Structure formats: structure tokens, C-alpha cells
Amino acid sequence: MARAVTTQKKIMWTIFAWAFGLAMFFPILWTFLTSFKSEATAISDPPVWFLFDWTLENYAAVQERSNYPKALMNSIVIAVGSTLLGILIAVPAAWAMAFVPGKRTKDVLLWMLSTKMLPAVGVLYPLVLLAKYFDVMDSRILLIVVLMLINLPIIVWMLYTYFREIPVDILEAARMDGAGLKSEILYVLTPMALPGIASTVLLNIILAWNEAFWTILLTTVNAAPLTAFIASFSAPEGLFYAKLSAASMLAIAPILIMGWFSQKQLVRGLTFGAVK
Amino acid sequence: MATAHSKSAARLMIAPAVFVLLVWMLVPLCMTLYFSFADYRPMRGVFDAWIGFDNYVRFFNSSSFLKALTTTLWMVGSILFITITGGVLMALLLDQPMFGQGIVRVLVIAPFFVMPTVSALVWKNMFFNVDNGLFSYGAKWLGMQPYDFLSQSPLLSIVVIVAWQWLPFATLILLTAVQSLDSEQLEAAEMDGAPVLSRFRFIILPHLSRAITVVILIQTIFLLSIFAEIFVTTNGAFGTRTLTYLVYQRVLESQNVGLGSAGGIVAVILANIVAIFLMRIVGKNLDN
Numbered sequence: 001m002a003r004a005v006t007t008q009k010k011i012m013w014t015i016f017a018w019a020f021g022l023a024m025f026f027p028i029l030w031t032f033l034t035s036f037k038s039e040a041t042a043i044s045d046p047p048v049w050f051l052f053d054w055t056l057e058n059y060a061a062v063q064e065r066s067n068y069p070k071a072l073m074n075s076i077v078i079a080v081g082s083t084l085l086g087i088l089i090a091v092p093a094a095w096a097m098a099f100v101p102g103k104r105t106k107d108v109l110l111w112m113l114s115t116k117m118l119p120a121v122g123v124l125y126p127l128v129l130l131a132k133y134f135d136v137m138d139s140r141i142l143l144i145v146v147l148m149l150i151n152l153p154i155i156v157w158m159l160y161t162y163f164r165e166i167p168v169d170i171l172e173a174a175r176m177d178g179a180g181l182k183s184e185i186l187y188v189l190t191p192m193a194l195p196g197i198a199s200t201v202l203l204n205i206i207l208a209w210n211e212a213f214w215t216i217l218l219t220t221v222n223a224a225p226l227t228a229f230i231a232s233f234s235a236p237e238g239l240f241y242a243k244l245s246a247a248s249m250l251a252i253a254p255i256l257i258m259g260w261f262s263q264k265q266l267v268r269g270l271t272f273g274a275v276k
Numbered sequence: 001m002a003t004a005h006s007k008s009a010a011r012l013m014i015a016p017a018v019f020v021l022l023v024w025m026l027v028p029l030c031m032t033l034y035f036s037f038a039d040y041r042p043m044r045g046v047f048d049a050w051i052g053f054d055n056y057v058r059f060f061n062s063s064s065f066l067k068a069l070t071t072t073l074w075m076v077g078s079i080l081f082i083t084i085t086g087g088v089l090m091a092l093l094l095d096q097p098m099f100g101q102g103i104v105r106v107l108v109i110a111p112f113f114v115m116p117t118v119s120a121l122v123w124k125n126m127f128f129n130v131d132n133g134l135f136s137y138g139a140k141w142l143g144m145q146p147y148d149f150l151s152q153s154p155l156l157s158i159v160v161i162v163a164w165q166w167l168p169f170a171t172l173i174l175l176t177a178v179q180s181l182d183s184e185q186l187e188a189a190e191m192d193g194a195p196v197l198s199r200f201r202f203i204i205l206p207h208l209s210r211a212i213t214v215v216i217l218i219q220t221i222f223l224l225s226i227f228a229e230i231f232v233t234t235n236g237a238f239g240t241r242t243l244t245y246l247v248y249q250r251v252l253e254s255q256n257v258g259l260g261s262a263g264g265i266v267a268v269i270l271a272n273i274v275a276i277f278l279m280r281i282v283g284k285n286l287d288n
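Residue numbers (full-length UniProt numbering), protein chains in the order written: chain U, 1 to 276; chain B, 1 to 288.
These are calculated hints, taken from the structure and not from any lab test. Bear in mind that the values here come from a model prediction, so they are computed numbers and not experimental data. Some clues are possibly wrong.
What the hints assert, rightly or not - Take a look, some chain U residues computed to stay more than 12 Å from chain B by CB distance: (1) Lys9; (2) Asp45; (3) Trp54; (4) Ala61; (5) Tyr125; (6) Glu165; (7) Gly178; (8) Leu186; (9) Pro191; (10) Met192; (11) Ala198; (12) Glu211; (13) Val221.
To be verified - Which residues of chain B face chain U? A few of them, derived with a C-beta cut under 10 Å, are: (14) Leu12; (15) Gln101; (16) Pro111; (17) Met126.
Claimed, not checked - Derived CB-CB ranges, DEER-like: (18) U/Glu165 / B/Tyr147: 49 to 55 Å; (19) B/Trp74 / U/Lys106: 51 to 57 Å; (20) B/Thr213 / U/Lys9: 31 to 37 Å; (21) U/Leu56 / B/Met191: 57 to 63 Å; (22) U/Trp260 / B/Met191: 37 to 43 Å; (23) U/Asp107 / B/Phe200: 49 to 55 Å; (24) B/Ser6 / U/Lys9: 56 to 62 Å; (25) B/Val46 / U/Lys264: 52 to 58 Å.
Where a beta carbon is used, it is the ideal one built from N, C-alpha and C, also for glycine.
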């Protein structure tokens, strides 16, 4: 990078890159703008860009559709619940595989990942039957368990790659200095493991929040999260662009913000460190 | 540090994860396998526990199966093509010196975090809609006839929606790979007078090959089970029925569980063929 870059070239690349960036972002920007328009403005021809009477009425209208807060709550409970349950099961497993690797550790890891490849439709009907049999159809607990299971392989793998980077030497040094098991876990291991666990949690909340196949098919009213709630707007009578936009913004905003903060982890997490 | 004691402790720690995944794999899959050999239509009260391979024969012989299979391959293939070529170009672009690189990056990757149902609905209504979608306004403004995307080229429309969602992923992974490129090697090649294209062909592309493989394989796994985008746009009409969607319709909509289960097993086998390749690559990475 010792070369001096001419300002002219830099400006040219800046214009190019910003054009592409804005083109990619445009649908989100357009949804954002539309969410502040009145329904009449939203479908005006030619379209209005910025100069309209900005209004919050769509957001209010979406809140009033009584099931919106419930859908939001379901999304939060299901995404957070399934992630935490997954972490609870995965941390010991990933920890053991990273620090006490055996002959078959690699096979177990690969086998776990292979369960992620199981196409959802292949197990759709049995799951519906089991859910009905245990009387948990359309319940949050069912979705928490199902989403935990489909994301568990990824959670284990991510934690495994993070844990493997913790140097064992430090642990041994702490022991030599006379640290007991308790202080070893509390002062040495936890601080080193926490960033990895936090990244894993973040990424899995994103995955669970956006998961649509199971959430649409296993819920009707009670446990329907935002993915299913938004899908109900596809019905003809729901064709209100401004309200659809407001509901969409409310559904994607938290995860969009989380995603921006976790883009570095995304690369590591979703490729299991295979791309550096 | 691996004593016999810690080894058994480790096994105990791994056990819960292995157990739940084993149950998750085996129980529903065995049930699907069982149903696939049965004539099971709950709505009509039909249950004949063993009809041999009839469901498979019917599934393979129906015109919808072949259609769904080609639709799936077309969809996955074209989305992969768009996201990989687009991703390489975007990654190279984002690697150039510019003002506000961080912001552009944030703009580019944003679509990846948009819920599939939201992106499908936004594209369907606000862009593709023939009466008051943005593309129609644009066409009218240019003096052209508005084009009804979702009914005239439904497959293309879904490809556009899904490619928009996955291009950020490809870009992000490939950008990470581009940034790890040894810039001195590139500069040396430039000094030697190697033209841009051959620098790309002989230095950049080989360097990216591993990242490209990872992107192709991970995306394939996810793309084989595209569902929400089809569910909220065309509902499987106009030739957008993928294998996943066909099985969903057989099982849940027409309640022919036997036939649908046979299709589900076929989907599992197909996905496993893809998965074997992925495992090999990930497994190799694990060794070093």
C-alpha cells in the first residue's frame, strides 16, 4: 500500500462504489420512505421521493392491529429462547471437543454439521404429527425447540472454532500459579470465551429471527412471529403499501442494526473460519 | 492434559448435543421413510401401511416432479451465477481506495438481514406490481409498456429477489478473501506490466477459489430449500414450484402424506449429495 493513490482515482472509485451501494440498499430505503407516506402518496404516479407530508400514522395503524405487539413478542421470545437453549447445550460440547479432542471429535463435528443439511420438507409431516400429539402446535415452545435444533450444529461449530483459539498455555500458567478450578473458570476461561459466545449468540438470533419455513408452517395465531405476521400482508385485502412498509420496517430494524454490528463475525461464523 | 478422567467428563459434556441431534435426525426421518411406503391420506381417512414403491413410482412419473426438479436447478443455478459473479466484482470494487468505505459496505450487506418474507413482499408489491410498482412507473416514464414481472417471468422475479438477498453474503465473504491477498505480489505483477485482466485471471481468481467454493456450497444448502419467497409471491404458480414447494403442497395442502413423503425422501437424498461435497471441503479445512 506504499503507492500514492491519486485523488482523482479515489473520487472515481467512490462514485462507482456509492452508486452500487445505494442500488443494493434502495429497496430498504424505499420501504423506509414509503412507511412515512399516506396511502395515497405511496401509490402516486409519478412516485414522490422526499417531498411529502411525513406522517407517523402508518406506524400507529400497525400498532393498533392488535396482533402486532404479540408477533413482535413471539419473535423475540423464539429467537432469544432458541439461541439460549442452543448455547446451553452447545457450550459444554464445543468446550470438550476443543480442549479434550479425541479420535472421533472430527467425525462428530462433521456429523453434527450434516444434520444441518437435512431438508426441512423431508421431516415436515412427522413434525406436524408429533406437535399435534404432544399438543404443542402453534406454541412458542415448539418453535424454540425446532429452531434450536436446526441451528445447533452452527452454534456448536462457531463455538468450537472460537474456543480452539484460546491458548491452553495460559490455562497451564494459571494452574502453575496456584489458581484453583473455580478461579480458573472465573478469571481465566470465562473472559476469554465470552467474546466468542457473544458473537455466536448475536449471529444465531439473526438466523432464528429470519427463519421462515418452520415459523410459517407451525404457527397460526398464538405463536406466530413477525415472519408469519408479515406474510399475512400478502393477502389482497392487505395491500396497503404504506402500512406494509411500516410493519416491514418494524420487523427488520432490530435485526438490521444487530447485523451491521456483527458483520465481521458473520464471515467467520457462517464459514466456520474457512475464509480469512 | 487429556487424562482418562477428563476424557469421560468430555464425553458427558458432548452427550446432550449428540443426543438431541440424533433424535432430531432419526425420529422424523424414519417416520417420513415409513410414510413414503404407505398410502396415507388423512383427509379421506385412507391409511394403507405398505404399498411398496408405488409412491416413488408415482412421484417420479408425475410431470410435476420433473418440472419441479428443473425449476429448482434453474433457480439455484442462476442465483449462484448472479451472486458469485456479482460478488467478485463488488468485492473488488469495495477493496479500492475510496471515501466512506465503511458506509458503502454497510449499505451493500444490509439486504442479507432483511427477513425473507419482508423482502419478497416489498419486491412483489412496491417494485414488481404492474399497476403501481416502481418498475412500471419507470417503464411508463421511458415511454415503454409496463411489464407484469410476477405473472410473465415469475421465475426470473424470484431469482431477482433471492439474488438480492444473497449477493451481500457472497460479497462479504469474497471481500474478506480479497483483503487477505498479498498486495506486494499484485504490485510486482503490475510493475512487470501484466494487464488488469491477466492479473485477475492468474493472481486474484486462484486466490479467491477457496472462498468461492465455500460460498457456492453454503448458498446451495440454503437455496435448495427456498420457501418463503415463493410462498408469499406466486404460491408455487406459474412454474415457480421447486422441489421443496412441491413436497410442501403434497403433504400439507393436498394431504397426500405418502406421496409427499416419497418426495421428501428424494429431497433428502439430493441434498445429501450436495452435502457430501461440502463436508469434504470443510473436513479438509479442519485438518490444518
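Hints versus structure:
| no. | hint | result |
| --- | --- | --- |
| 1 | Lys9 | 7 Å, violated |
| 2 | Asp45 | 6 Å, violated |
| 3 | Trp54 | 18 Å, holds |
| 4 | Ala61 | 17 Å, holds |
| 5 | Tyr125 | 5 Å, violated |
| 6 | Glu165 | 14 Å, holds |
| 7 | Gly178 | 17 Å, holds |
| 8 | Leu186 | 18 Å, holds |
| 9 | Pro191 | 20 Å, holds |
| 10 | Met192 | 16 Å, holds |
| 11 | Ala198 | 18 Å, holds |
| 12 | Glu211 | 9 Å, violated |
| 13 | Val221 | 17 Å, holds |
| 14 | Leu12 | 8 Å, holds |
| 15 | Gln101 | 8 Å, holds |
| 16 | Pro111 | 6 Å, holds |
| 17 | Met126 | 6 Å, holds |
| 18 | U/Glu165 / B/Tyr147: 49 to 55 Å | 52 Å, holds |
| 19 | B/Trp74 / U/Lys106: 51 to 57 Å | 36 Å, violated |
| 20 | B/Thr213 / U/Lys9: 31 to 37 Å | 32 Å, holds |
| 21 | U/Leu56 / B/Met191: 57 to 63 Å | 59 Å, holds |
| 22 | U/Trp260 / B/Met191: 37 to 43 Å | 38 Å, holds |
| 23 | U/Asp107 / B/Phe200: 49 to 55 Å | 39 Å, violated |
| 24 | B/Ser6 / U/Lys9: 56 to 62 Å | 58 Å, holds |
| 25 | B/Val46 / U/Lys264: 52 to 58 Å | 54 Å, holds |
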